[in-house]
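Chains D and C are the protein sequences, given in the same order.
All residue numbers for the first sequence refer to our numbering, where the first residue is 111 and numbers rise by one.
All residue numbers for the second sequence refer to our numbering, where the first residue is 136 and numbers rise by one.
Keep in mind that a hint or two might mislead.
Claimed, not checked - Quick list of in silico lysine to aspartate or glutamate cross-link-like pairs, DMTMM-like style, CA-CA up to 20 Å:
id	chain 1	residue 1	chain 2	residue 2
1	C	K479	C	E392
2	D	K254	D	E316
3	D	K254	D	E291
4	C	K479	D	D202
5	D	K222	C	E586
6	C	K397	D	D139
7	D	K222	D	D263
8	D	K222	C	D470
9	D	K209	C	D470
10	C	K584	D	E267
11	D	K254	D	E243
12	C	K479	D	D178
13	D	K222	D	D245
14	C	K479	D	D226
15	D	K216	C	D470
16	D	K233	C	D470
17	D	K144	D	E350
18	C	K341	C	D330
19	C	K341	C	D198
20	D	K209	D	D178
21	C	K263	C	E252
22	C	K263	C	D318
23	C	K307	C	D327
24	D	K262	D	D245
25	D	K233	D	E243
26	D	K254	D	D315
27	C	K204	C	D354
28	C	K397	D	D178
29	D	K209	D	D152
30	D	K209	D	E194
31	C	K397	C	D470
32	D	K233	D	E249
33	C	K204	C	E295
Hint data in this document are derived by calculation from the structure and do not stem from the laboratory.
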Amino acid sequence: MYDAPTPETRLTQNTTKITARGVQVYYGDKQALKDVNVDILDNTVTAFIGPSGCGKSTFLRCFNRMNDTVASARVQGEILLDGENIYDKRVDPVQLRAKVGMVFQKPNPFPKSIYDNVSYGPKIHGLTRSKTELDQVVEESLRKAALWNEVKDRLNEAGTGLSGGQQQRLCIARAIATSPEVLLMDEPCSALDPIATAQVEELIDELRASFSVVIVTHSMQQAARVSQKTAFFHLGSLVEYGDTSTIFTNPSDPRTESYITGRIG
Amino acid sequence: MTDATSANVPASAPVPHASSLLTQTALMKKRNAAETRFKAYGIAAICVSLSVLAVMLWTIFSDGVSAFKQATFTFPVTLDPERLDPKGNRERDEMMRVTTIGYTNLLNQQLVAYLAERDISTEGVDDKDIAAFISRDTPARLRNMVLDNPDLLGQTIRFEGFATGRIDGYIKGRVTRDTAERDTNISVAQLDLADRMIDEGILSAKFNWSFLTAPDASDQRPEAAGLGVAMIGSAYMMFLVVIMVLPLGVAASIYLEEFAPKNRWTDLIEVNISNLAAVPSIVYGILGLAIFINFAKFPQSSPLVGALVLTLMTLPTIIIATRAAIRAVPPSIRDAALGVGASKMQTVFHHVLPLAAPGIMTGTILGLASALGETAPLLLIGMVAFVANYPAGPLDGGMLDPATALPVQVYSWASRSDPAFIERSAGAIIVLLAFLVVMNIVAIVLRRKFERRW
Numbered sequence: 111m112y113d114a115p116t117p118e119t120r121l122t123q124n125t126t127k128i129t130a131r132g133v134q135v136y137y138g139d140k141q142a143l144k145d146v147n148v149d150i151l152d153n154t155v156t157a158f159i160g161p162s163g164c165g166k167s168t169f170l171r172c173f174n175r176m177n178d179t180v181a182s183a184r185v186q187g188e189i190l191l192d193g194e195n196i197y198d199k200r201v202d203p204v205q206l207r208a209k210v211g212m213v214f215q216k217p218n219p220f221p222k223s224i225y226d227n228v229s230y231g232p233k234i235h236g237l238t239r240s241k242t243e244l245d246q247v248v249e250e251s252l253r254k255a256a257l258w259n260e261v262k263d264r265l266n267e268a269g270t271g272l273s274g275g276q277q278q279r280l281c282i283a284r285a286i287a288t289s290p291e292v293l294l295m296d297e298p299c300s301a302l303d304p305i306a307t308a309q310v311e312e313l314i315d316e317l318r319a320s321f322s323v324v325i326v327t328h329s330m331q332q333a334a335r336v337s338q339k340t341a342f343f344h345l346g347s348l349v350e351y352g353d354t355s356t357i358f359t360n361p362s363d364p365r366t367e368s369y370i371t372g373r374i375g
Numbered sequence: 136m137t138d139a140t141s142a143n144v145p146a147s148a149p150v151p152h153a154s155s156l157l158t159q160t161a162l163m164k165k166r167n168a169a170e171t172r173f174k175a176y177g178i179a180a181i182c183v184s185l186s187v188l189a190v191m192l193w194t195i196f197s198d199g200v201s202a203f204k205q206a207t208f209t210f211p212v213t214l215d216p217e218r219l220d221p222k223g224n225r226e227r228d229e230m231m232r233v234t235t236i237g238y239t240n241l242l243n244q245q246l247v248a249y250l251a252e253r254d255i256s257t258e259g260v261d262d263k264d265i266a267a268f269i270s271r272d273t274p275a276r277l278r279n280m281v282l283d284n285p286d287l288l289g290q291t292i293r294f295e296g297f298a299t300g301r302i303d304g305y306i307k308g309r310v311t312r313d314t315a316e317r318d319t320n321i322s323v324a325q326l327d328l329a330d331r332m333i334d335e336g337i338l339s340a341k342f343n344w345s346f347l348t349a350p351d352a353s354d355q356r357p358e359a360a361g362l363g364v365a366m367i368g369s370a371y372m373m374f375l376v377v378i379m380v381l382p383l384g385v386a387a388s389i390y391l392e393e394f395a396p397k398n399r400w401t402d403l404i405e406v407n408i409s410n411l412a413a414v415p416s417i418v419y420g421i422l423g424l425a426i427f428i429n430f431a432k433f434p435q436s437s438p439l440v441g442a443l444v445l446t447l448m449t450l451p452t453i454i455i456a457t458r459a460a461i462r463a464v465p466p467s468i469r470d471a472a473l474g475v476g477a478s479k480m481q482t483v484f485h486h487v488l489p490l491a492a493p494g495i496m497t498g499t500i501l502g503l504a505s506a507l508g509e510t511a512p513l514l515l516i517g518m519v520a521f522v523a524n525y526p527a528g529p530l531d532g533g534m535l536d537p538a539t540a541l542p543v544q545v546y547s548w549a550s551r552s553d554p555a556f557i558e559r560s561a562g563a564i565i566v567l568l569a570f571l572v573v574m575n576i577v578a579i580v581l582r583r584k585f586e587r588r589w
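Throw the hints in and build the complete structure from the sequences for me.
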């Protein structure tokens, strides 16, 4: 039923990129995430799976502090990016987000040209010194997002005029244009058709070479196809975290087994 | 309830009437009838509003269009230098010693002489009655003409001058022989003479530019009254309102919508902004009188004070419209910008504001349109005054000179007794409506043009 995870994954050799210790998230009085501890590896695709409302998106949004934009949200615990606590008072979330890029559930390109969409991040962070350098970054990002060949002749057309799959790849290009170290993806394929999904999944596998990718997904097949590590969340708790192959073939927790076999969720 | 009865039938029993889709059930008929009735109410409501609007426009236009025309004499006038420039040195100061009365006498005599020359019977009217045909404003205009251009002296020019309001009214049908019999200002014999002058082409109704350009005139000279000062006053005020209300309104809206924490204070502010939008406009007039005139000592009747009051009045409306426009920008755009590391302000200014701009512009223009038509607060700050002098240019402190505004001019003319002013009042409404229509069209065009889909 599931594609076998790629055999050449050498997880143990990758270093830890993000360390979460005792993370608790509250929305007002409601606790959304209970005491989560997890180590996210570099150059690895980590999938968060679990039923709706289990806290996986909430957890993902802790990594770039997008939860800060929700007035009622409170985050406790520590999340270390390369050993630095991103919830330290001295950390500016704006600076953090240049390092931790994000791709959202619904493709959300800016209603501007394709070029402007990709160049926006490098521009505001002052990453390039000249127009030619910026052009290079745009091209490189679009190439990495496997979109260059389709849009190279119409960089000045509106990004919103692309198809859904192209829009999502444009959003990925926009996210990687700031050369982040971590790429967060919140159900990036849920609004796409199967063909576009396949393209994006292929892309995710390629992105692993340069980034640590964390993907939230509702599709267990997708998790099995693209990830090397999988974390299963249930009712706000991290139930099980391990190699994707292990989680899908030999889960240690009965709740994980129930979920992946379709009995809960 | 009717559905429940069918549920009470035991499941095993056969359904008594197998319902056919080809016949309507009683309930369905009732529902359809209700829908038809509702549509009829809607159409009726629209018809009533449209017919009221049609009646209103018809009244305004039938009363007001004639204000753009004016009974005008056209006859040759010889500008006798001996009377108009007795010293003969063409010095402006010397020539100014000849007052309007001198010009009045000259015009009266020349008109009487011209009638005699054209062999037009002046039966039943004396020279004084003929002189009464000429508006009191006309000699003043001739005098200004001569003072500005002394070379005219000695020449015979084809002069166009306004007739008095009664003659004007006779040409437009406002004054009839019946009303003339009861009127001490005009006699039937004078109207007969007017008829003969119309036949000879001396008297005719011409398009009246001075209605749009001239300042207001006194009660005795309705034919000379114009909208010039009112239009300049309104233009100054609109200009000041735009430059004050846009930054204030947009800044307040952005702060409240994007930055302000959601707590009891911001709730209170929000409720109060909505309340302020519903405060009667005359209250703002009292506020303006107390603060800007009595406390800050700004000059009365000045466009500056008017603009400040109108700014206060339109601010809540514009804040509400702007906030709605900002709220209509999808949150996914903000997420996208924040996600690539834009700061909050960059998110707002690079992404949210451009997308909200058409809505903000539309709201602002509609707010300005309501400010342009606002009368009550301006009455209280003295803009209803009779202003016969143009305010200075915008850079020469004209914003501090006394002026009126279009709606106030409508009000002040409508309250004068001479029917000629009522006609002018309706004419002023037409001008005001034209401005409002143009502003609304601009709002629609802007919205269409900049509307973006996402």
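Violating hint indices (sorted, rising): Violated: none.
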